[in-house]
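Protein chains: 2
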Amino acid sequence: MAIRIAVVGLGKIAHDQHLPAIAASRDFELVAAASLEGTTPGVPVFRTIDELLASGIAIDAVAMCQPPQARYEAALKAIRAGKHVLLEKPPGATLAECEGLVRLAEDTGTTLFAAWHSRYAPGVAQAKAWLAERKIVSAEIVWKEDVRRWHPGQQWIWQPGGLGVFDPGINALSIATAIIPQHIVLLDGELEMPANRAAPIAARLQLVDMDGAPISAVFDWRQTGPQSWDIFVDTADGRLELTQGGSKLRIAGEERALAPEAEYGDMYAHFADLVRAGESDTDRSPLRLVADAFLRSRQHQTDAFID
Amino acid sequence: MAIRIAVVGLGKIAHDQHLPAIAASRDFELVAAASLEGTTPGVPVFRTIDELLASGIAIDAVAMCQPPQARYEAALKAIRAGKHVLLEKPPGATLAECEGLVRLAEDTGTTLFAAWHSRYAPGVAQAKAWLAERKIVSAEIVWKEDVRRWHPGQQWIWQPGGLGVFDPGINALSIATAIIPQHIVLLDGELEMPANRAAPIAARLQLVDMDGAPISAVFDWRQTGPQSWDIFVDTADGRLELTQGGSKLRIAGEERALAPEAEYGDMYAHFADLVRAGESDTDRSPLRLVADAFLRSRQHQTDAFID
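Chains A and B are the protein sequences, given in the same order.
Heads up: the first sequence at position 249 corresponds to 248 in numbering that gives the first Met the number 0, and the numbers run straight through without jumps.
Heads up: the second sequence at position 30 corresponds to 29 in numbering that gives the first Met the number 0, and the numbers run straight through without jumps.
Be a bit skeptical, because a hint or two may be false.
Treat identical chains as interchangeable: a pair holds within one or across any two.
[What the hints assert, rightly or not] Below, in silico cross-link-like pairs of lysine-lysine (DSS-like), each with a Cα-Cα straight-line distance of 30 Å or less:
no., residue 1, residue 2
1, Lys247, Lys127
2, Lys247, Lys134
3, Lys76, Lys127
4, Lys76, Lys11
5, Lys134, Lys76
6, Lys247, Lys11
7, Lys11, Lys134
Don't read these hints as lab results, they were simulated from the structure.
Just chain A, same shape as in the assembly (with noise of 0.2 Å):
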C-alpha cells in the first residue's frame, strides 16, 4: 500500500522536485499540501500545517520544503500527531531543533529522515565505495554558482538561519561526509559577508580528517558562466574527480559509467525503506559543519548584493 504523504511549502523546491518525484514513485501517494503561497493541482492545499493535520485527511508522511527558519516547529506538530517525517536539507535552522526533532521521533516511534538530495546524485555511491578502502592525501571542494540563477528572489536564503552561501555548499558538504571515509574537522574559516546581508555570499573552509589531512572547501555564489560543483580526492591510488554535482565520475584518470540522474527519485525510495523498516535517518554532520564555520570563521565584510 501506498505511503499517504502531504507536502508542506509549495515554493520552487517543491514544485522543481518533491512533487515530481512524488508523481513517479509508487511507494507514495500525494493526499494533500499545505502552504501560504502557491498551490498543486487534484489535492486540498491547507494554509498552514495545523489545518493540514487538523483536516480530517488520512495522513502517514509529511515532506517539509518550506525554508529551514520555518521548518521545526512544523516537523513537531507532524512528530506529535504521529506522522513520519522528510526533512529538506538543511534539516532545521540550528542543530539544537534537529537533536530536538531526533529525540522526539524516537520517543513517538516514527520515521525521521534528515535528507540530503546530493548524496543521490549518480556518482557518489561508486565514489564513496572506492575510497572506503583508501585513505586519502589530501582534497578539494568547489562549489561555485550563480546566486541570481539558483534562488532568484528567494530571500529567506539571506536571513539569519538562510546559511547564503552555505544553502548550496551543504551540498557538498553532504557529498564530502558521505564520501570521505574518516570523520571530517573544521579548523578554520573566512566568510564574505555582504554589506546588506545576514548571511555570507562567499566562504573558504579549511578542514581535516582525523588523520590530519587537509581539506580546502571554497563556496562562492558570484560565479557566471559555467558553474562548479567539483570535489577532488587524492589518494595513493591515484585522483577521484567527482565533478557537476555529483554527476560525473573520473578515478585515476578513467570516467565511471554512471546511471542517470535521479536525486530525488532515491531518495523518496530511501525515505519509503525507512518508513517501512521502523528506522529513522538522521544525520546531521553537514549540518554541523556549516554551524562550526560561522563558529569558528572569521568575518568579512564585502560588496552590497542587490538581487
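Put chain B on the given structure of chain A with help from the hints.
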C-alpha cells in the same frame, strides 16, 4: 591507587582552579605538565603534549586547560596514546572536533569528560531536582560581567573559536541545560561585535523548550560594578532563583541551605568516578547552543573594545 594526571596549559584557569583541585584530591596525583608558558613546582613541565607523551612518565589522564582553539589536537594525541582526557569548557573550538574526540574515545575505550564546571555550583543539583518534577512557564538568564576583570589581557578569547562573551555565557547555558527538564532550542538571537574584534561582546538570545516555554538569555561583558550571573525559572509552583553563578538558590521566596562552593573539586571527583567506571561524559549541548547562536543570529557592529 591515585590516578596519575598531567595538566596541559598552565594559564589562569589551571593555576586558579585545576592545580589546587588536583592537589586537594585523594583521587589524583599530579605527575607532569605541558605548557608553552608558565610552570608549576614539583613536577616536570614540558613545552608540548608530544614531549610530555614521549617523556616516559607514567600518566593515566590529562586535563586540557589550554585555550579551546588548541584543545582538539592535544586531546587527539592524548586519547590515541590511551590517556583519559578531561576537557575544560568549552570542550573544543567546534562541534565536529568534539564529535571526533567522542568517537575516538569510544573506539579506544578511554574516558572522555567534557567538563562543565558551573554544573557543580552549590545550588545546581537542588535546582535540577526541584525542576525535574515541574513544567516551566518561562525562564530568564542574565549573565553580565566585566571582561577586564575576569579575562585580563586574554587575546585568544576574542579570536574566532574563543567565543567572546559566550565564554562566560556558556557557563549559564551549561547550568540551564542541566536544570531545565526539557531539551532547549534557539529561535533567534542578536550578537554585538566590537569593530576591532572577531567575537561578540554581548548577545541576546531567544530560546524555547520543546513545549514552547520562552527562555531569554542576555550576556554582556561590559558590566562594571556588581556582576550578574543569575537564572530565573517560573513554574506553576512559583519562581526558582539560582543566582550568583549558582551559589545562591531561592525557591518560591524561600532561601535554600547549600553546601560551600567546591566546583572544581566536585568536577574532579566526577572525573575520577568516570575513569574508575570506564565511562565517558560528553554532553555537548551548551556548545551546540552557542554554535546555533552564531549560525542563527543577526550580528551588529558596536564600539571597538580596548583592553
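Subject >> Violated hints, by number in ascending order, as checked against the structure >> reply: The structure breaks only hint 7.
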